[in-house]
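Chemist: Listed below, chain by chain, are the residues.
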Amino acid sequence: MPDKPESFLIADCGSVNTKVGLVDLVGGEYRFVGVGVTPTTTESPNADVLVGVRRVAEQLQARVNRRLLTEDGRLITPELPTGQGVDAFAAATSAPLPIRVAIVGLSRAVSLASATRAINSTYATVEATLALDETGSRWLGATVVTRDGEDLRPGDGDAEGSDQKRTEPLADPAALAAEKLAQANPEVIVLVGGIDGGATTALYELANLVAVISAGRDTSARPVVVFAGNRQARPEIAARVGQVAPLRVVDNVHPALDRENPRPLQHELEALYEERKIGNLPGVKGLAEWTQAPVLPAARAFENVVRFLSRRHNLNVVGVDIGGSATTLVNAQGEAFRRVVRADLGTGFGLESLVAQAGVDRLVSWLPFETSPEEALAYYLNHAVHPASIPATREEARLMQAAVREAIALTARSSGIEVKGAELILLSGAALSRNTSWGSVALMALDALQPQGILTLAVDALNLAPSFGALASISAAAAAGVLERDGFTTLGTVIAPISNNREGQIDLRVQVQPTGSGAMSLEVEHGSLEVIPLAPGQRASLEVETVGSALLPSAPKGVYKAEVEGGTIGVIIDARGRPIALPSDADKCRTKVQEWLWDIGG
Amino acid sequence: MGYWGLMSDSPLPVLPVTCVQSLTRIRRKRTLASPGQVTASVGSYVDPLNVVARANSSTHLMAVPVARYLHVPESKLSDHLLKKPGEAVYSREIIASKPELFGTLQRIYRAPSAGYIAAVQGSWVAIGLADSARELKALYRGSVVDVTPGLGVTIESVGSLAQGVWGAGGEAFGVLKKMVDAPDVVLTEDKVDVSVHGSVLLLGAGLTEQALERIAKDQAAGLVAGSLSAHLQARIAEFRIPTVITDGFGELPMAAPVFELLASHVGEEISVNATMGTRRGTDRPEVFIPAVTSSASAAGIVAAPVPETCVGATVRILCAPHANEIGKIEALPNLPQNLESGISAWGAEIELAGGRRRFRSWENLELVG
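Residue numbers (the working numbering), protein chains in the order written: chain D, 1 to 602; chain E, 1 to 369.
Honestly, the hints are just simulated from the structure, not real lab data.
Please note: incorrect hints may appear among the correct ones.
For each label pair, taking beta carbons as the anchor points, the in silico distance ranges come out as [unchecked claim]:
1. 47/D x 170/E: 54 to 64 Å
2. 97/E x 337/D: 30 to 40 Å
3. 47/D x 97/E: 24 to 34 Å
4. 182/E x 374/D: 16 to 26 Å
5. 582/D x 216/E: 35 to 45 Å
6. 523/D x 234/E: 45 to 55 Å
7. 337/D x 216/E: 30 to 40 Å
8. 220/D x 219/E: 45 to 55 Å
9. 266/E x 369/D: 54 to 64 Å
Cβ coordinates follow ideal geometry from the N, Cα and C atoms, glycine included.
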């Protein structure tokens, strides 16, 4: 790669589709030149992710009239004086299956909760949990006593007195929990528990359990054990577990009663994902030969984008990337950031799990037309077996939009991320970038995240955000340039008050004065959704006066003034209140959802 | 944006393929979930029920806090264990005991099921329960053409193949029994009797819940259906009936070519591979009917070529409207078209039965061949 690369091929190999984009210096500025998409090739007969990348590169070659690959399919790099090829290549992926993790620990509410939060930061699913405080704690309770080879019956008396409770071993909660853990056959067992310097006896017992389950498996099939508990227990844990299973030790996920420390465990799990999952993705070695930078997990690449934009504009940014198998939510403000990955919620392969968690009735409540839960479920299951298909009818589009809402809402709810302070919300993923209208996209985001205050809504219309994040790992300047100019399409400015006013009462008086044209004023009733058109790039002076109990978080009470920029929708005033309430009556609910779609141009 | 977009000189997209072949040659890898011993060798001829490999460890592991049950410290557990790691145990066999009350009583722990002592650590004993999952059957009748030491074999076979879109319940082998007269018929309970026992049942547009319960009760070996009511998906898993769905969920008829192909093999033995990973996995669920043919005539049968996207290719529409209808690519418009949903997409003009012509996006098509 040249010292100062000027042209780049960037790829995002998702679980469903592979997107490849071309970035080049145009007039001294890094610009996006072209993009192509094809289904990810991890299936027979082309179980090689590089096959899909080559296919899109061939599409791009034809589209931009620039040779990118040699006759035998290798990337031409660095760029030739004739303009063929590119200087560098960068890639991100979410194509591998998530890591299957089990958590074993002392307390469900403390150490397991902290570990779960750490696990939810990468592509991992929790297959089993065992909390000692839920299993009778002392692992006692089952005794079978015999005399002359015959089992005693209750009341026969036993070795320790007739009042002792007799329990069959299989009914023992400890044995049941242990069996579930063994049956889950996890790839990684996270062992947590105890504050640093605290008691260790119970932890050692758990370590024995983890060790015996690991040792019971074939050597090549044993799980990796990550110990993130009481620091003082490390030598003994190593002695008990380290001899039978690969053991990795990281700092305590909950080192003190009042302190959580998830980052080291997060890093270790992400390293395992890169090593065991991305590293074993069919064809990834060929892909890695095209680049000097590692192939990044797409969630981390997307995080790079959100953090960059937060630092660059000094904003509280929330980014959502919804994929076929996973949904990522990132919040960044200055140097602080947080990332949540729900590897079980998506709009492709992840639909089955999404429907199970959201409930089909909840999904149906977002539809403006009548359909039975059975029909809706059939649609979702069919889409899950053909995840690359796109909504062909209006009804299918609404069904998919309902799924997107719930995937984002479930991720946000489980994340602990405060969306209400967001100043910029970024939306990424094929289900958002490729939709029926920008109004539908905006409404999905408002319904799912329910932001409050005044903020900007933008969408990754190219569906390349993770690729831009990967590009940052080889050229920060190129990534910054292309993100600034081409990365996101602004949908508009959202004004979302919170209010205790009754439906029909005035929440806000809004005046928008676009540069070079007449002012527009309106009174916004509580419960309504209004749009004031303001074209992309057009600026306007905004005055918002709150009325009654309405208020705009982070804005001073009274009249709020600001300069805003337009977007594909304009200024969106969401006075539906928080939380947004759907009518319980099905007919009224459909009518309300349809009204909102009409109001926003969805 | 040109999603799957094409200029006139761009290569055509590579569409997913569903194989429906009346006579083809296939190769299938049969691999253990964890390492073990391969019992078949290259060149050997295997029947579907032959064991070709056996895993070293059980997939069903049970961990038991035996030291706690015996009321002994973990350091003393080995003194009371009657079995060592690796030793076999039979169901209800005493594997640990400790004398109590001066030897007049014994505190014991019995194996909950047949298996072997997988490991001992601290106060815990892991018991690998005997389960059939340790044994990998051939499933396909044919010749072993490759062996992956410790993991499995590749079997080559000749016969009829139909791939599905969804599967659950594992694998099955049995005689194919037709339960409905047409691909759009839903099977009802009154058509099910004890004769389904051990058979693989050919259905059309799915079945009622009562029919499924009756089939489970009468222990059919497996199901092949065009579709399945969405709410029955969980019940298939509950009953563990190997089931391959060829078209989708809802009340969809089985595609006519698939129904006709399978119906022509009623009474013959059929292999059902309904395993499916968390995602599609590298292999689709499928059914395969080995050909009854001499080795000489089989030698001339070659693997079906992978169909390509081109005018004249046979395709299936994946979603509404006209979901699962099969037609032929008639033309390749050189501009994207607006779908009813409002999405703009590139695709092809498809001619359906009766001469109807419809535009469908590439994303919503698959090749059939």
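Chemist: Find the hints from earlier in the document that the structure breaks and name them by number, from lowest to highest.
Modeler: 1, 2, 3, 7, 8, 9
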